[in-house]
Each structure stands twice: as structure tokens, then as C-alpha cells.
Amino acid sequence: MTTQAHTTQTRTPQTRTWHSGIPAGRIGKRLVQVAVTLFGLLLLTFFIGRVMPVDPVLAIVGPDADHSTYQQVYHQLGFDKPLWTQFGIYLSGLAHGDLGNALLTGKPVTQDILRVFPATMELATLAILLGAGVGIPLGVLAAAKRNSIADYGVRIISLAGYSTPIFWVGMMGLLVFYAWLGWVGGAGRLDFSLDGQVTRHSGFMLVDALIAGNGEVFRNALNHLILPASLLGFHSLAYISRMTRSFMLAQLSQEFIITARVKGLSEWDVLWNHAFRNILVQLLTVVALAYGSLLEGAVLIETVFSWPGFGSYLTSSLMLGDMNAVMGCVLVVGMIFVVLNLLSDLLYQVFDPRTKV
Amino acid sequence: MNMNNLLTLDPAAMTGNDIVGIVVNLYDPLIELDPQQLTNMRPALATSWEVNDAGNLLTFHLREGVKFHSGNPVTADDVVWSMRRIIHLNLAQASVWKSYGFTKKNVDEMVRAPSPNTVEIQLPKPNDPKLVIYSLAALGSVVALDSKTVQAHEVNGDWGNRWLTTNEAGSGPFRLDSWQAKDVLNMSRNPQYWRGEPRLSRVVFRHFQESQTLRLMIEKGDLDIANNMAVSDVTALSHDPAMVVDQVKKGTLYYVAMSMKEPHFANPKVREAVRYLIDYQGIGKALMTGYGIVHQRPIQVGMPATLPDPGYKLDIPRARALLAEAGYPDGFDTTLRVLADQPFLNIAIAVQSTLMQAGIRAKIVTGTGNQIYGAMRERKFAMLVGRGGSGVEPHPHSSLRSLVYNPDNSDEARLTNFQGWRTGFYDKQLNTDIDQALLERDPEKQKQDYFAIQERYDALIPALVPVSQMVDSIVVRTDVKNYLPHPSATTFLRDVYKVDAADAKPAGGKGL
Chain Y
1 MTTQAHTTQT RTPQTRTWHS GIPAGRIGKR LVQVAVTLFG LLLLTFFIGR
51 VMPVDPVLAI VGPDADHSTY QQVYHQLGFD KPLWTQFGIY LSGLAHGDLG
101 NALLTGKPVT QDILRVFPAT MELATLAILL GAGVGIPLGV LAAAKRNSIA
151 DYGVRIISLA GYSTPIFWVG MMGLLVFYAW LGWVGGAGRL DFSLDGQVTR
201 HSGFMLVDAL IAGNGEVFRN ALNHLILPAS LLGFHSLAYI SRMTRSFMLA
251 QLSQEFIITA RVKGLSEWDV LWNHAFRNIL VQLLTVVALA YGSLLEGAVL
301 IETVFSWPGF GSYLTSSLML GDMNAVMGCV LVVGMIFVVL NLLSDLLYQV
351 FDPRTKV
Chain U
1 MNMNNLLTLD PAAMTGNDIV GIVVNLYDPL IELDPQQLTN MRPALATSWE
51 VNDAGNLLTF HLREGVKFHS GNPVTADDVV WSMRRIIHLN LAQASVWKSY
101 GFTKKNVDEM VRAPSPNTVE IQLPKPNDPK LVIYSLAALG SVVALDSKTV
151 QAHEVNGDWG NRWLTTNEAG SGPFRLDSWQ AKDVLNMSRN PQYWRGEPRL
201 SRVVFRHFQE SQTLRLMIEK GDLDIANNMA VSDVTALSHD PAMVVDQVKK
251 GTLYYVAMSM KEPHFANPKV REAVRYLIDY QGIGKALMTG YGIVHQRPIQ
301 VGMPATLPDP GYKLDIPRAR ALLAEAGYPD GFDTTLRVLA DQPFLNIAIA
351 VQSTLMQAGI RAKIVTGTGN QIYGAMRERK FAMLVGRGGS GVEPHPHSSL
401 RSLVYNPDNS DEARLTNFQG WRTGFYDKQL NTDIDQALLE RDPEKQKQDY
451 FAIQERYDAL IPALVPVSQM VDSIVVRTDV KNYLPHPSAT TFLRDVYKVD
501 AADAKPAGGK GL
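Residue numbers (our numbering), protein chains in the order written: chain Y, 1 to 357; chain U, 1 to 512.
If you're looking for bench data, these hints aren't it; they were derived computationally from the structure.
Each computed DSSO-like pair below joins lysine-lysine, with the alpha-carbon atoms no more than 30 Å apart:
{"hint": "1", "chain 1": "Y", "residue 1": "81", "chain 2": "U", "residue 2": "98"}
{"hint": "2", "chain 1": "U", "residue 1": "481", "chain 2": "U", "residue 2": "67"}
{"hint": "3", "chain 1": "Y", "residue 1": "81", "chain 2": "U", "residue 2": "380"}
{"hint": "4", "chain 1": "U", "residue 1": "105", "chain 2": "Y", "residue 2": "81"}
{"hint": "5", "chain 1": "U", "residue 1": "313", "chain 2": "U", "residue 2": "269"}
{"hint": "6", "chain 1": "U", "residue 1": "148", "chain 2": "U", "residue 2": "67"}
{"hint": "7", "chain 1": "Y", "residue 1": "107", "chain 2": "U", "residue 2": "67"}
{"hint": "8", "chain 1": "U", "residue 1": "498", "chain 2": "U", "residue 2": "250"}
{"hint": "9", "chain 1": "U", "residue 1": "125", "chain 2": "U", "residue 2": "428"}
{"hint": "10", "chain 1": "Y", "residue 1": "107", "chain 2": "U", "residue 2": "148"}
{"hint": "11", "chain 1": "U", "residue 1": "428", "chain 2": "U", "residue 2": "261"}
{"hint": "12", "chain 1": "U", "residue 1": "104", "chain 2": "Y", "residue 2": "107"}
{"hint": "13", "chain 1": "U", "residue 1": "481", "chain 2": "U", "residue 2": "498"}
{"hint": "14", "chain 1": "U", "residue 1": "447", "chain 2": "U", "residue 2": "125"}
{"hint": "15", "chain 1": "U", "residue 1": "105", "chain 2": "U", "residue 2": "428"}
{"hint": "16", "chain 1": "U", "residue 1": "428", "chain 2": "U", "residue 2": "313"}
{"hint": "17", "chain 1": "U", "residue 1": "313", "chain 2": "U", "residue 2": "249"}
{"hint": "18", "chain 1": "U", "residue 1": "445", "chain 2": "U", "residue 2": "250"}
{"hint": "19", "chain 1": "U", "residue 1": "313", "chain 2": "U", "residue 2": "363"}
{"hint": "20", "chain 1": "Y", "residue 1": "81", "chain 2": "U", "residue 2": "104"}
{"hint": "21", "chain 1": "Y", "residue 1": "107", "chain 2": "Y", "residue 2": "81"}
Reference excerpt, derived from the structure (chain Y facing chain U, CB under 7 Å, subset only):
{"hint": "22", "residue": "66"}
{"hint": "23", "residue": "306"}
{"hint": "24", "residue": "319"}
Being a predicted model, the structure only gives us computed values, none of them experimental.
Heads up, the beta-carbon is just placed ideally off N, CA and C, and yes, glycines get one too.
Using the sequences provided together with the hints, build the complete structure.
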């Protein structure tokens, strides 16, 4: 899912028309595009879901149920209606803000997503802050000191982050930092003894602990969060620093940089005020995409750390053939990319001097 | 634990063992089975019970003064309502009761409360009353539900099913605090519990997908009990002095099934060849450690009526000869369906390689539980490695009903709950024998009848070849006391406690 997101999304900057802003008419057009895209996405997911050889009825009634029980549940779930009718029912529910009930939890899908999404978002946000915060300076450093030891160092880190299986890294992280050193908490969002001590408001454990003024839960939650977030951060750092390095290299070979150097500007000035400013917009897209794919749920890390997030919710719903839940998740992922695209559009305006003209 | 199969907390709709282990701690059954001596019945809500001479009326006398978590008293009406509810809802737990003859039409009449403390269950068709009592104790589905509370949450005549999916209305030793699917389930003790307050103040069940993570956490002492671990991790932990590994024998069997709807396997010679193309001992030794023990009979190990194994072994020349006699000297192509999980996949690979040695080229098709068993329910498979057979009740009929019995072999009968039907294996005599053995009131004669059934089944060369009986490995830290994992999954947590010298953990809870 991650790679797919990258390939489709990295096209965005190329299709951008650099010198135009976003006229009012275009926003309307954009919204129509978004609606059509989401509708297409739902249609595709729905029909793929219905032809999948997974039987949600069997998951509910169990493998030893007799035929009458099977038939009854089959009917209750509406599977005896024609496909188009089923899709219509789904859409009309959607129009009323009702995504249906999930089989996995027996609760409305909306409620489920509101529960699992903050867990993932908490993880992803911390991870992207670490990834971008460290990755961008490293990328700039590598470009500035091209072919030096520092450059090789950054490239090795980046290669390692990119190519080591995150599942394995997660396991090793737990082994070293949790089991041997005891620096961080184990799997899950909190220790067993603290579970349920803080009422859920936002679903963000850190925020909820702050609201409740419970320092112990806050420290514990942070303690559980830091390892998976760092590992994910390391993973996105690899991508971000590599992209930063190549953007910077492209800039540094340009004539205006040579001019600036000839004019006797300090290397710092050249790097940050001339070259880096120019790649800011591209970098924003890179970071936004990395964030987007983290928000889709880092399934493997969520599995290793028993993190009750969006990724593991989506995969287990898929395994069950729980289409209401799957479609709800698809909608959310679709929305994330729509929002990120819109945001990066707006940010282009802010940061790219050429679009202001 | 792994909460993948935890879809509902409704006792009438639950599927699988994991949920039974939770439900029995939130609710009270009428009677229960002693985990250490399964045929020993113990009183629970019912203080005593009796069976009439005809063997078709069971009477239970309820304990007085027991209260639900809501404060409502537990009455015979609640028990009766809960039992009727199972049949009327017709969800997962209805199967067994329907096979005993209960229907939506007769259940209201057959299950009744002649007085506020008496429950009567009349059997709609002849049965061994002992089996029915075992079912009441072992299935975990017939528990007392607080009918007033549940009825208050009824929507569109759903018998409160929607509400009970995520809530409870029991009288058990623990109350449900919260349940987040695939995340965590919290229980806290019921201070008014009639057997006395449970010793643990809280119990936390948490979902773990990854066995290695589980292992790290229990080693570190953050978890007290772990189930569903990979065998390699269990083996590693068994050397740790801080932990005990409990091997719990379950009633279900691992088997290799063939469909007799397939022309190849309709031929008894071919089935017999397959019987000699499985390396039972090799599989048992190399693949089943921690998962199961070699067993070749449809009735589970350890019952008085279970015959010793016939001692089948891998015998390729003999299998080749049988295949030649059947007209397949060069073997044939077929498919072997299997769950993409261990130990199923390894068994399938082993079976594939031995089949190949006699020329049967089986292509392995993997899938999830409902893909694999779904195909079997549709009778659309050739070969399959699976696990099944109720075996929940300590009675030979429990396994025979599930694995052998097939009263109607037509496609239209759709007896999908009988694996006998799914494989298309049908023998009129065997069905009659099973029916008769169940009704035999003389225990010694009944045992002999079950011996004869196993002999006949074996001689007929069944379409379902038992390979191994399931064993469940549960790792428990030694500071947890009184934890007795129950073979029928009804593990009671009410007497469990922890000796915690440092008492560092405030809640004294326990994780699974």
C-alpha cells in the first residue's frame, strides 16, 4: 500500500502548472474531482470486496454452524440482495453519515475508526517529526559534503533505514530497549496496570493524559510510544534524507549557486538561503507523502507492538471480509490523500515565490 | 492472547474457544466440569439436579440469593429465557441444541420453570441425558442472562443480541469494564459474587498478534499468562524456571480429509492408499510438538470408550499396490486445501511429499479459515488438512456427531455442521449404531457399542483420516496460582491469585 501511494502521488509536482494560482473556479472543479475519485474508489472496493473468496457469514456463525443459521445471517446481512442494491444501500447510508456496523467489533464503523485512527496518528505524527527533523538536515549535510565521509555515513544510514525489514527492526528494538535495557515500555499503548485509568476524550493517549492531569499515564504512554515512533521515524528519515540530498544536489549544480559563491556569500548562506529555499516546496510534498503513508497505518510495526491502530484494524477487517469496515477505511485513506494534496497545493502558494506572481 | 476470533461477547452467538474462556467468567452456568476430572460434574447455579427414569427430563434446583451484576435476583425464569434465546436467535451456539431436537416451535414448551428455583429441560427426542448435561456444563453457551436487563436493550426482536455483542448481563465472578476489539478487554471483580469475592481485583486480556512480542513480555514479567504462542517460543520458555507450560488436551483432531464427491476418493482402495501415505509418526514428532499428539481414532484420546490406535504407518509399497488395484498405477493430480497457518501448512507439505511418492500429485491451495472450511461446507474440495470435531463434552458422541455422523448424504440436506456430510462419507449402519449407542443406558454396553462403532468406521476406510489430537500450550508464570486451564475452554479465573513478593504492580491484574 505504501509503495502504491508513493508512485501515484509523486506525480503531483509534475502535473502542477507552476505559474498559476488556484482560482476560485478551480476549487469547485477540484471538489468534483475529489467526489468522483472517492466514488470510484468506493465502487471498486465494494465490488472487489464482494468477489473476494472470503465469507463474512462464516466468520460470524463459525465453521460448525448448520445451514439454517448460515442462511439466516446471510439474509440479515443483506447478501441475498442484488449487488447494485447492496451498493445503493451502502451509499444511501453514507449520505446520512452512516458507514454501517463492523463485524469485528459489533460497533458502528465510524466509532471504530475514531478509536483506532488517533492511535495511528499519534504514532505517525511523532514519527514524521523525528523523520523530517533529522532526515532533512542529514540530507542537506550529505549534499553539501558530497562524497565525503559524512555523505557516505548519511547514505549508509539511509540505505539501512530503507532496506532493513521494519518488522525485524521492531523486534530487535523491543529485544534491546525493552527486554534487555528496560528503557522503554513493552508492546501496547500503556502498561497493563494503567489501562483504563484515563478517560478517552481525543483518543490520543498523550493528550488524554494531559487533560486528566495524570503525569504517570503521560510518561508511560510516551514511554510506549517512543520506540515504535523512532523506528518508523528512522524508516521515513531514510526516504526523506535521500530525497533531500538529491534535490539539494540538483540545486547546488545550478548556475545561480555558482554565482552566489563567486559573490563571496558564506557557505551557510548559499546552502540554506539559496539552495534549500528552492527545494522547500518539493520537500513538503515528500514529507506530506511520507506522513500520508504512515497514517494509512504501519501494519508491521503495529503488529509487532500490538498497537491498536488503523493499519491492524484495516488488515483484520480485510481478513474477515468485513466490507463495511474496509470501505470506511478506504474512505479515510482517500480523504487523507485529498487533504494532503490540498494542503500541499496551498503550501506551494505560500512557499513558492513563482506562484505568488 | 490473540483476539482475532473475538467478534462478540453474546454467549448465544460466540464461536471458538477464546470467547468461551471470557464468557464463563462473566456469567454463571447451571453446572460445570472439573478441569482436572472432566467427567466430574460440579454444582454452579444449580445446587442439585436429577434425571427421571425415562431419561428425558432433567430437573435443576437453583441456588437462592444469587444476584446479577445489575442487582436483579437470578431466577429460574432467567435461565429458561437464556436457553430459549439460544434456539430463537439461531446463531452459532444453536447447532448442538438443534441436533438434540430443540426447535423454535418446541423450545418454549420443553424448557420451563415450574417454580422460581426450578428449571426443567425436557428432551424433545431420545438422547443420553449425560451428554446433555455435559453440554450444559461444557459449551459455555447455557449461562444465566439477566433477562430484564437484556430485554431492556432489545431492538427489533433481536433478543438483545446487538447489545450483548459488546456488553454483558451476568452474575459471574467478574464484570466487564471495557472491550476494544483486537486491543484489550478489561474485567474487574464482582464483590458480591456468591462464591465469595474473587482474589484478583482486575483481569486484563490483551491482543497480541506476534508470538515473539508475547514471549518478550512474559519473560519480562509484564504478562502473567500467554496462550496462542508459536511452538518455538513455548519451547524456549519451558526452560525458564519462572514459567510453567501447561499442555491442555483439547477434544478436536487434526485430520486429512478427502471428498467422496471426487471420483478418485469415492474408491475405497484410493482412500486406503491415502491412509498409508501419511507419515503419522514423523508428523507427530517433527511438526506437532506443542500442537498435538498422534491419534488415529475419531473419538478423542483418554476416554474409557476410546480404542487404542490401529497403528497405521507410512507404507509406500502398500499404497502403490492399492492405487494400482484401484486403477491408478501412475497416481493422479489433485488439490490439497489448507489454512495458511501452522501447524496446518507443515502437515500439508509433509502429506504432499508422501502422497507424491505414490504418484498422487497434490497441489497445495492455502487460504484463511473461512476460505478453506467454506469450500468444505460447499463440498467443493478434493483433499484438505484441517481440524475439527467438537470433543467439548467428555462423551464419545461429541466427536462422533461432529466427525462421523451423517444422517442424510444428499446435497440438498446441507448438513454443513457435520463433517461426515462435508466429506460425503455415508454409512447407514454406522448412523444407526451411533444413534443406538447414545441411547444405551447400561454404561458397559454403551462402551462396547462405541468400540464396535470405531471398528466399523475404521473398516469402512473413512474419508477423514485422524492424524493428531490437539494440544494447547499455555505459558503461565509461577507466581500465578490456581490457574487451571480447562480442556473445554471454560477456564475459571475466580480462584486465581498472584503471589507477588514485591507487590510492585498496584492493580494485581493479570494479562493474557
